[in-house]
Amino acid sequence: MSQLQARFFTEDKRYVVDNVPFSIPAASQVQDLSNVINKLLEAKNASHSNLEFDFLVRGQFLRTSLSTHMETENISTEEVVEIEYVERITAPEPEECMMHDDWISSVHANDEWILTGSYDKTARIWSVEGKAVMTVAGHADAVKDVSWGKRDGLSSVLLTASLDQTVLLWEWNSEKNKVKARHCCRGHTGSVDTVSVDPTGTKFCSGSWDKMLKIWSAVPTDEADEEEEEEAADRPRKKQKTQQLGLTRTPLMTFSGHNEAVSSVLWSDNEEVCSASWDHTIRLWDAETGSMKSTLVPPRSSSIHFFYSSLHLFLSDGSLVLLSLTSHTGWVTAVKWAPSHEHQLVSGSLDHLVKLWDTRSCKAPLYDLAAHEDKVFCLDWTETGLMLSGGADNKLYTYKYSACQTDEGA
Amino acid sequence: MKKIGLKRAKEEEDEQKKQSVCEQVLTFNMSPAEEEEGDEDVSDSEESVYSGLEESGSDSEDEPSANQQEGRVLNEEVEQLEERVLNEEEAEQREDEYEKDSSDEEDIRNTVGNVPMDWYKDFPHIGYDLEGRRIYKPIRNKDELDQFLDKMENPEFWRTVCDQQTGSDVVLSEDQLELIKRLQRGQFGDVSFNEYQPSVEFFSREVMIHPVTNRPSDKRSFIPSLTEKDKVSKMVHAIKMGWIKPRRVEDDSRGRYYDLWTNEDSSSILNKHRMHLPAPKLRLPGHEESYNPPPEYLLTEEERALWEQQDPSDRKLPFVPTKFSSLRHVPAFSRFIHERFERCLDLYLCPRQRKLRVNVNPEDLIPKLPKPRDLLPFPTTQSLVYRGHSGLVRSISVSPSGQWLASGSDDGSVRFWEVCSARCVRTVQTGGAVKSVAWNPNPAFCLLAVALDSVVLILAPSLADGHVTSSSERLLKSQQEAEPSEGVSCNWVETKGEELNQWIRLKIGHPKVVHQVTWHSKGDYLASVMPDHSSHLQVLIHQLSRRRSQNPFSRNKGLVQNVSFHPLRPYFFVATQRSVRVYNLLKQQLTKKLQANAKWVSSMAVHPTGDHVICGSYDCRLSWFDLDLSTKPYRMLRHHKKAVRGVAYHRGYPLFASASDDGSVIVCHGTVYSDLLQNPLIVPVKVLRGHVITQDLGVLDVTFHPSQPWLFSSGADGTVRLYT
Chain A
0 MSQLQARFFT EDKRYVVDNV PFSIPAASQV QDLSNVINKL LEAKNASHSN LEFDFLVRGQ
60 FLRTSLSTHM ETENISTEEV VEIEYVERIT APEPEECMMH DDWISSVHAN DEWILTGSYD
120 KTARIWSVEG KAVMTVAGHA DAVKDVSWGK RDGLSSVLLT ASLDQTVLLW EWNSEKNKVK
180 ARHCCRGHTG SVDTVSVDPT GTKFCSGSWD KMLKIWSAVP TDEADEEEEE EAADRPRKKQ
240 KTQQLGLTRT PLMTFSGHNE AVSSVLWSDN EEVCSASWDH TIRLWDAETG SMKSTLVPPR
300 SSSIHFFYSS LHLFLSDGSL VLLSLTSHTG WVTAVKWAPS HEHQLVSGSL DHLVKLWDTR
360 SCKAPLYDLA AHEDKVFCLD WTETGLMLSG GADNKLYTYK YSACQTDEGA
Chain B
0 MKKIGLKRAK EEEDEQKKQS VCEQVLTFNM SPAEEEEGDE DVSDSEESVY SGLEESGSDS
60 EDEPSANQQE GRVLNEEVEQ LEERVLNEEE AEQREDEYEK DSSDEEDIRN TVGNVPMDWY
120 KDFPHIGYDL EGRRIYKPIR NKDELDQFLD KMENPEFWRT VCDQQTGSDV VLSEDQLELI
180 KRLQRGQFGD VSFNEYQPSV EFFSREVMIH PVTNRPSDKR SFIPSLTEKD KVSKMVHAIK
240 MGWIKPRRVE DDSRGRYYDL WTNEDSSSIL NKHRMHLPAP KLRLPGHEES YNPPPEYLLT
300 EEERALWEQQ DPSDRKLPFV PTKFSSLRHV PAFSRFIHER FERCLDLYLC PRQRKLRVNV
360 NPEDLIPKLP KPRDLLPFPT TQSLVYRGHS GLVRSISVSP SGQWLASGSD DGSVRFWEVC
420 SARCVRTVQT GGAVKSVAWN PNPAFCLLAV ALDSVVLILA PSLADGHVTS SSERLLKSQQ
480 EAEPSEGVSC NWVETKGEEL NQWIRLKIGH PKVVHQVTWH SKGDYLASVM PDHSSHLQVL
540 IHQLSRRRSQ NPFSRNKGLV QNVSFHPLRP YFFVATQRSV RVYNLLKQQL TKKLQANAKW
600 VSSMAVHPTG DHVICGSYDC RLSWFDLDLS TKPYRMLRHH KKAVRGVAYH RGYPLFASAS
660 DDGSVIVCHG TVYSDLLQNP LIVPVKVLRG HVITQDLGVL DVTFHPSQPW LFSSGADGTV
720 RLYT
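Protein sequence lines correspond, in order, to chains A and B. Under numbering that gives the first Met the number 0, read the first sequence as residues 0 to 409, first letter to last. Under numbering that gives the first Met the number 0, read the second sequence as residues 0 to 723, first letter to last.
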């Protein structure tokens, strides 16, 4: 068996070839197939320049020779094989390196600005180009998570969660470059490890070491709630004296159900909150009623402690673990789906590596990004194709990522 | 078919029988006629063939006559002489012999014939001669004396015999004497007779040209005999009717002989003898024992040096082969007594009996242990390294919430780490090598006890919620009791200023160097250990809320290594060098004394149920005690290569771990069943390595995360490691 019948097709209009079966050698590798496609395209269009392609057989990337791949995937060699091809994703290119004073605990980016939280008790705002814009100081302890809130013209809301058991809601005017603490969200009795703003930008959810999830309003108001003031009066006088940034805010809702610290929260849609915890479960909550909808228990054997922050992986999977990507040698501290590509995600780990994955080839990552010299703690991915990663080496790396072309073409 | 075959076989047999019987009949018919010639021949051969079927009674009657015939030929000559000559004994025999014999020759001297001469006893005569005259007995008036005199005097007496027939004495001639002698020797009477004359083989296997007899066969030998036929048919009929049974074949299966020892008891003496082992034999002397050994047996210089260095038990030869020019020069054997003694020892100590080896599959001897994979979760890989200390980290402790880790090091600092990120959040410089740290196990307080030099520090690192912080504040602020109780000299000092910024809140001064601190599970009591050989003041129990210290023991029971509170009940465990004592704090008495079977106990941990204790010792052992079972260790684990420094139980999972100077931490799975009848199941599941051995010290302390199956270990390389 040396020849196979294969039909090539693509979603990309630029590289369409004739829809006829070809006879190709069974032992051909990706490079051979890529050459075939290039030849075909050249025959069609003289101005075609050589491109690298990747090939998908029944939704799985081809990584070995065609015959062995089909053998392992149990695909019959008698029939005509449908092979999809896409332009190969180029490696992300490192762009900027932003130095911090201390470990970077969190990063969140929107189209223009990057917000980072650090263990030096501050959050920082950077431009996408890597210019330091603002330092937001106010917390009494290390900042554990940051998040952009609603953006309204020049002013935007940002949230910082800290080890000092509070979440601060800030308002930042980008033109004047002034930041003002608007609300101090008190209520947690443990360090607040994670914070997430809902898609509408009106509410946010925070998860804490005290095993609770709390929903807060993310809209800054000028009037301080009276009841909050009363409650604030109960607090030790010392605290109010030392630091009373903004108006105290109390949670709208509290979800309790986790047996251990909550490590990560995320809104899956407007009404639903997902939370991951140290008790090895992922829970789905209804944000309206405050009831728990379901609990996912990932299999223990595969759980290389991804509960720390790997919530994103499971979001689209429903109640079943569809894939487990095992390549990291340390804890996976952060994962993020690509905003522009349905199959791609990045993961960061304590083994100093950031890995780029495609769910269609789950055996091995697409790329390993070994820029960091210490533990990676946080990751983000912007719509404009910028990947960000920060870690214990005090550096925030940005990578230019150009995987969006295929989607544009589609 | 088979039946037919059988029938045919039977018929054949019958026919054969008939034939043979016929032949027999023929020979019988023949025999009277040819008695002289063929008798012997026929009877011999025929008999051998037919003896199986026919009784050979008819033959046996013939035999004596045949023998007689032979004998007659041989004895013909002797007969006469013997009749006259042989003495009375022989005569009697002869009478028997010639009982039925009637001789033709008649004695002409006396015509009475062959009658017993006793008949003439009372007569004066003894018989009649040919003319019919009486033959008178010779006058016999010799009495015994005469006879004796005759015997003495008459030289012919010994050869004089009395003739029975005539009654006269006859002096035997020389010839007659010679004849008698020959006969007595069993020789022929005739001197000239050659016993060994060449014989002519008439009846040999060779067929001669001329037959021995030339008589034609009788007619009757060709005609079947009617009487025989009648006889045979009767017999055949009898066989058919089953009246005559064929001779039964001797059945040997039951056996006249049987194995006497088939049902022998295996434990009998005989069996023991069979298992006898002979005494070991001495090796035969070889060339090296010779007084003049071949040169290759003589030791070279190096070999000799090596021989002298070696331990006597390691030597290949117990002596040095030496060469002498002649046997005369060989001195007395100096090791004789020694060698004899060793031989005696060999004989004395050699096995005398072969042990019956039990055939057991070695696999069966290994206890059935569950696979480690089934015992998940337990720590398997190193996940985080907490770096920052510059000296060896002697002690670590995890906060009850599991968020913080405290470590005390020889560099004089206590560090607080965030568990999940390995971030050092606080560093407290204490100014002395920290021996032990212990986090208050009560989650309502956030306090850490630190032992260094002769002080115990209470730290409040304010790493918890405000409520917790304030409650611990309240505990620390509580008033001191007025009187220093029981003469224990402990000074409680509240710190001020600079030290307060370092979160050090209290200092409890001790009279001696403190090695260990531990909390009661309620978080109010604190025990500290000051090992001292000579004093009874080795353990102090402090009550934080009343700022009171007391010495629970009034007597020195050995060097205290480690103490621990029972997690649930008012018991107190004290590990001394060799044993662990369990005291009841309420009754203030010794409840139990556990024998550790170790030379020097290094560490101790109490199971969260309080019913089990593990002890690590400096002689590489880990002993598990079941308090309900025995004071001896339920299980000894010798997995470590070097001294065990620290042991720990997990609070929730059935796990325990031991840290050793060989740089490894061994995690074991120890299920404790609530069923009291079931013993704990201990399975070693994982060896964790990672610490670098520095100054011969490996891992110094080990502790588990309170809720996760994670393990922390601190080592002499200045790091704390987390295994998950």
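Accuracy of the hints is not assured; some may be wrong.
Heads up, simulated DMTMM-like pairs for lysine to aspartate or glutamate below, C-alpha to C-alpha not over 20 Å straight-line [stated by the list, open to error]:
1) K210/A x E417/B
2) K180/B x D162/B
3) K120/A x E417/B
4) K120/A x D464/B
5) K210/A x D464/B
Sample of chain B residues lacking proximity to chain A, with all beta carbon distances greater than 12 Å (derived) [claimed, not checked]:
6) Y195
7) K239
8) L383
9) P566
10) L675
Keep in mind that the hints were calculated from the coordinates and are not lab data. Ideal placement from N, C-alpha and C gives every residue a C-beta, glycine not left out.
Is the Cβ of L383/B farther than 12 Å from every Cβ of chain A?
Its Cβ does come within 12 Å of chain A, the nearest being 7 Å, so this is violated.
Status of the stated non-contact between Y195/B and chain A (beta carbon gap over 12 Å)
Non-interface label on Y195/B holds, nearest chain A Cβ at 105 Å vs cutoff 12 Å.
Measure nothing beyond the straight line between the CA atoms of K180/B and D162/B; if it is 20 Å or shorter, mark the hint as holding.
It holds: about 19 Å lies between the C-alpha atoms, which stays within 20 Å.
Does the alpha-carbon distance linking K120/A and E417/B stay inside the 20 Å limit?
holds (15 Å)
Hint consistency between K210/A and E417/B [alpha-carbon to alpha-carbon, up to 20 Å]
With Cα atoms ~17 Å apart, K210/A and E417/B stay inside 20 Å; holds.
Would L675/B pass as off the interface with chain A, using Cβ distances and a cut of 12 Å?
About 29 Å separates L675/B from the closest Cβ of chain A, which puts it past 12 Å; holds.
Is the hinted pair K120/A and D464/B satisfied, with a Cα-Cα distance of at most 20 Å?
holds (18 Å)
Given as non-interface: P566/B, partner chain A, CB spacing beyond 12 Å:
Holds: least Cβ distance 21 Å, greater than 12 Å.
Given the hint that K210/A pairs with D464/B, test it: the Cα-Cα distance must not exceed 20 Å.
Measuring from Cα to Cα gives roughly 13 Å; hence the hint holds.
Exclusion check [K239/B not at the chain A interface, CB over 12 Å]
holds (85 Å)
Violated hints amount to a single one, hint 8; each of the other numbered hints is respected by the structure.
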